[in-house]
Amino acid sequence: MHATFNRLGATLGANGLLILFVIISLFPVYLMFITSLKSQAELIQNVFALPRNPKWGNYPLVLIERSYYRAVINSLMLAGTVTIITIVLSCLAAYAFAVYDFVGRQLLFVLVLVGLMVSEVSILIPVYMLLKSWNLLNSFVGLVLPQIALGLSFGIFLMTTFFLQVPKDLVDAARLDGCTDLQLLMRVMVPVSIPAIGALAVIEFLWTWNSFFFPLVIATRQDLMPLSVAIIDFMGRFTFNYELVATTCVIMFVPILILYVLTQRSFRRGVTMGAVK
Amino acid sequence: MSGPAERVVVKGVEKSFGRTQVLKGVDLEIDPREFVILLGPSGCGKTTLLRIIAGLERSDAGEIRIGERRVDGLEPKERDVAMVFQSYALYPHMNVFDNQSFSLRLRRMARTEIRDRVERAAQTLGLEKLLDRYPRQLSGGQRQRVSMGRAIVRSPKVFLFDEPLSNLDAQLRVHMRGEIKSLHHQLGTTSIYVTHDQIEAMTMGDRIVVMNGGIIEQIGSPLEVFDRPKNRFVAGFVGSPAMNFIDGTLVGTSSGTAFRTTDGRTVPLGPSAPPPGPAVTAGIRPHHLRLDPTGPIRGAAIDVQPTGVETIILCRWNSRDLLAQTGERIRAAAGEQLGFSVDPANIHLFDGTSGERLAA
Numbered sequence: 001m002h003a004t005f006n007r008l009g010a011t012l013g014a015n016g017l018l019i020l021f022v023i024i025s026l027f028p029v030y031l032m033f034i035t036s037l038k039s040q041a042e043l044i045q046n047v048f049a050l051p052r053n054p055k056w057g058n059y060p061l062v063l064i065e066r067s068y069y070r071a072v073i074n075s076l077m078l079a080g081t082v083t084i085i086t087i088v089l090s091c092l093a094a095y096a097f098a099v100y101d102f103v104g105r106q107l108l109f110v111l112v113l114v115g116l117m118v119s120e121v122s123i124l125i126p127v128y129m130l131l132k133s134w135n136l137l138n139s140f141v142g143l144v145l146p147q148i149a150l151g152l153s154f155g156i157f158l159m160t161t162f163f164l165q166v167p168k169d170l171v172d173a174a175r176l177d178g179c180t181d182l183q184l185l186m187r188v189m190v191p192v193s194i195p196a197i198g199a200l201a202v203i204e205f206l207w208t209w210n211s212f213f214f215p216l217v218i219a220t221r222q223d224l225m226p227l228s229v230a231i232i233d234f235m236g237r238f239t240f241n242y243e244l245v246a247t248t249c250v251i252m253f254v255p256i257l258i259l260y261v262l263t264q265r266s267f268r269r270g271v272t273m274g275a276v277k
Numbered sequence: 278m279s280g281p282a283e284r285v286v287v288k289g290v291e292k293s294f295g296r297t298q299v300l301k302g303v304d305l306e307i308d309p310r311e312f313v314i315l316l317g318p319s320g321c322g323k324t325t326l327l328r329i330i331a332g333l334e335r336s337d338a339g340e341i342r343i344g345e346r347r348v349d350g351l352e353p354k355e356r357d358v359a360m361v362f363q364s365y366a367l368y369p370h371m372n373v374f375d376n377q378s379f380s381l382r383l384r385r386m387a388r389t390e391i392r393d394r395v396e397r398a399a400q401t402l403g404l405e406k407l408l409d410r411y412p413r414q415l416s417g418g419q420r421q422r423v424s425m426g427r428a429i430v431r432s433p434k435v436f437l438f439d440e441p442l443s444n445l446d447a448q449l450r451v452h453m454r455g456e457i458k459s460l461h462h463q464l465g466t467t468s469i470y471v472t473h474d475q476i477e478a479m480t481m482g483d484r485i486v487v488m489n490g491g492i493i494e495q496i497g498s499p500l501e502v503f504d505r506p507k508n509r510f511v512a513g514f515v516g517s518p519a520m521n522f523i524d525g526t527l528v529g530t531s532s533g534t535a536f537r538t539t540d541g542r543t544v545p546l547g548p549s550a551p552p553p554g555p556a557v558t559a560g561i562r563p564h565h566l567r568l569d570p571t572g573p574i575r576g577a578a579i580d581v582q583p584t585g586v587e588t589i590i591l592c593r594w595n596s597r598d599l600l601a602q603t604g605e606r607i608r609a610a611a612g613e614q615l616g617f618s619v620d621p622a623n624i625h626l627f628d629g630t631s632g633e634r635l636a637a
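As you go down the protein sequences, you meet chains A and B in turn. The first sequence begins at 1 in our numbering and counts up one residue at a time. The second sequence begins at 278 in our numbering and counts up one residue at a time.
In case anyone wonders, no lab produced these hints; they're calculated from the structure. It is possible that part of the hints are untrue.
[Claimed, not checked] For each label pair, taking beta carbons as the anchor points, the in silico distance ranges come out as:
#, chain 1, residue 1, chain 2, residue 2, range
1, B, L383, A, L8, 50 to 60 Å
2, A, R265, B, I589, 47 to 57 Å
3, B, D409, A, L108, 35 to 45 Å
[Unchecked claim] Under 8 Å between C-beta atoms, here's a sample of chain B residues computed to sit facing chain A:
#, residue
4, P318
5, A359
6, A366
7, F379
Glycine included, C-beta positions come from ideal geometry on N, C-alpha and C.
Required output: the full structure, derived from the provided sequences and hints.
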């Protein structure tokens with residue numbers, strides 16, 4: 001009886017703590033959402049209160065009248081392109097690391113891992129100079145290339161870890177069945193690694209979607225700016241019009257939320273894999 | 278569905294992993310349609326040899342021939358061999374039909390031909406109703422059958438089995454042993470089967486290749502290997518429970534040569550025994566020891582294990598363990614003195630130094 005009460009107490013305590021964390025985590029999202037539905041006057045009166053007359057008009061105002069739909073499209077294009085190319089290159093490199101035993105493999109893999117430690121800000125100026133010399137400033141390619149380079153280390157690391165967990169017998173069976181390297185990758189390794197690819201897609205998309213420094217420096221033309229940069233421009237021009245900034249934040253937040261909900265199962269499996277065999 | 282059965286020749290094959298040499302010049306010839314078992318303890322090189330034949334490992338020296346063709350420089354897919362793995366190695370994202378037809382689709386075979394071959398294989402293995410299922414929806418035995426189906430649809434020249442029954446429970450293993458054997462009779466494809474299970478080796482193979490430490494110790498039919506082991510290793514490894522070994526010397530008596538144990542007991546040998554000489558080891562299989570109160574072999578009972586079918590008796594004799602196996606149901610208290618005798622024809626003699634069989 002005593003043990004049952006103890007267990008019940010522990011469960012209630014643990015769940016209570018989790019609920020507290022959820023409230024703390026979701027509170028900024030709640031604040032952002034209700035702010036996006038308020039007028040400026042209502043916001044000043046009480047920041048935390050629910051809107052009396054929700055101003056849904058803030059959304060068409062930001063997206064259409066202020067032409068932020070263009071920035072949304074730019075962000076989707078940028079994040080989508082970077083995600084696809086990073087996944088393709090990561091899979092190809094990871095396949096070589098996982099399947100082949102070549103001279104210098106370990107050293108090369110360590111170099112890939114070193115890439116994870118490089119700070120974005122520390123390479124901003126050299127990358128800017130490089131892109132300038134290649135005439136790629138203010139271009140879509142110029143925006144895409146650094147993001148791919150920044151994401152590849154993590155992508156290769158994640159996919160190599162997953163490919164190494166694919167049973168060796170499966171690779172051997174595919175070779176005996178007649179697979180070439182490309183067939184082995186595309187018809188065996190990739191299909192069995194869907195959870196890892198899903199996780200990589202979400203993480204890459206999120207990173208690129210939220211990327212700020214590189215797009216800020218590389219894209220100064222309004223028609224190229226992704227939403228993460230355009231929002232700054234917006235804040236400056238309207239001298240901190242909080243409800244419109246919150247509206248833009250919600251617009252930035254929704255695609256990530258949808259992507260996460262759609263892929264959350266594989267995402268969870270992907271990010272926890274490798275922790276245990 | 279059977280392919281053209283081919284001879285497999287392995288000549289002087291060597292293989293090292295780092296500084297460890299796992300194959301030390303292996304020579305082996307396997308006849309067309311033959312079912313050969315590679316038997317040996319863990320680390321003896323049997324799986325490495327199988328993988329070299331499959332092309333999944335490269336040998337450091339030697340050659341492999343399948344039929345008239347030298348294949349050791351070829352990719353696995355070019356060797357026309359199929360392999361059944363211990364772990365089944367089924368593609369988890371494909372259903373049974375796709376798993377079985379994968380190699381045929383890679384070869385761009387016509388759809389009707391693929392369907393025909395897969396259906397015939399499924400019929401042979403009793404998988405007709407499982408073609409739409411995924412590996413995770415199958416039992417261990419069904420998975421292993423799918424794995425065999427994947428091998429037979431290709432009509433390969435050689436089947437390679439890498440401990441295919443190790444993951445199955447005892448009952449299913451007996452059933453699958455029969456299935457593999459009847460499949461071999463039906464298809465007649467040259468087969469090489471790796472195992473460390475002696476029952477599988479004894480019951481399935483036309484010939485057994487006993488390996489140890491990267492070399493072949495003996496090649497022969499199952500009963501030949503069991504009845505006339507070439508050396509002490511083979512004698513000790515083949516047969517369960519393992520053979521008893523007793524050290525001693527060969528001495529001359531009025532009735533011919535006899536074996537004298539280190540504690541001075543004498544066991545008469547048959548007329549074909551070698552002449553008296555230096556140290557030897559006598560090997561006696563547990564089932565050849567007969568309970569005989571006046572017998573020359575005497576030991577104190579340690580444990581008596583009735584299995585229902587037989588009784589296994591563990592004794593202590595001359596400071597070493599002695600196992601006897603008898604069909605009788607006996608009872609003996611711990612420490613009780615038991616006597617055994619043995620037919621001289623059932624005593625195997627091995628050289629005390631080299632361990633090689635002495636003519637007997």
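| field | Interface hint for P318 of chain B, Cβ within 8 Å of any Cβ on chain A | value | violated, 21 Å
Could one say that the CB atoms of R265 of chain A and I589 of chain B fall in the range 47 to 57 Å? holds, 53 Å
- Message: Hint validation: A366 of chain B versus chain A, beta carbon distance must be below 8 Å. Holds or violated?
- Response: A366 of chain B check passes; min Cβ-Cβ to chain A is 4 Å, inside 8 Å.
Is the shortest C-beta separation between A359 of chain B and chain A less than 8 Å?
Holds. Min distance 7 Å.
Quiz item: Between L383 of chain B and L8 of chain A, does the beta-carbon spacing fit 50 to 60 Å?
Solution: holds, 58 Å
Exercise for review: For D409 of chain B and L108 of chain A, compare the CB-CB distance with the range 35 to 45 Å and indicate the outcome.
Suggested key: Because 43 Å falls inside the window, the suggested range holds.
**Q.** Per-residue hint verdict: F379 of chain B, partner chain A, C-beta under 8 Å
**A.** holds, 5 Å
Going down the numbered hints, you'll see the structure goes against just number 4.
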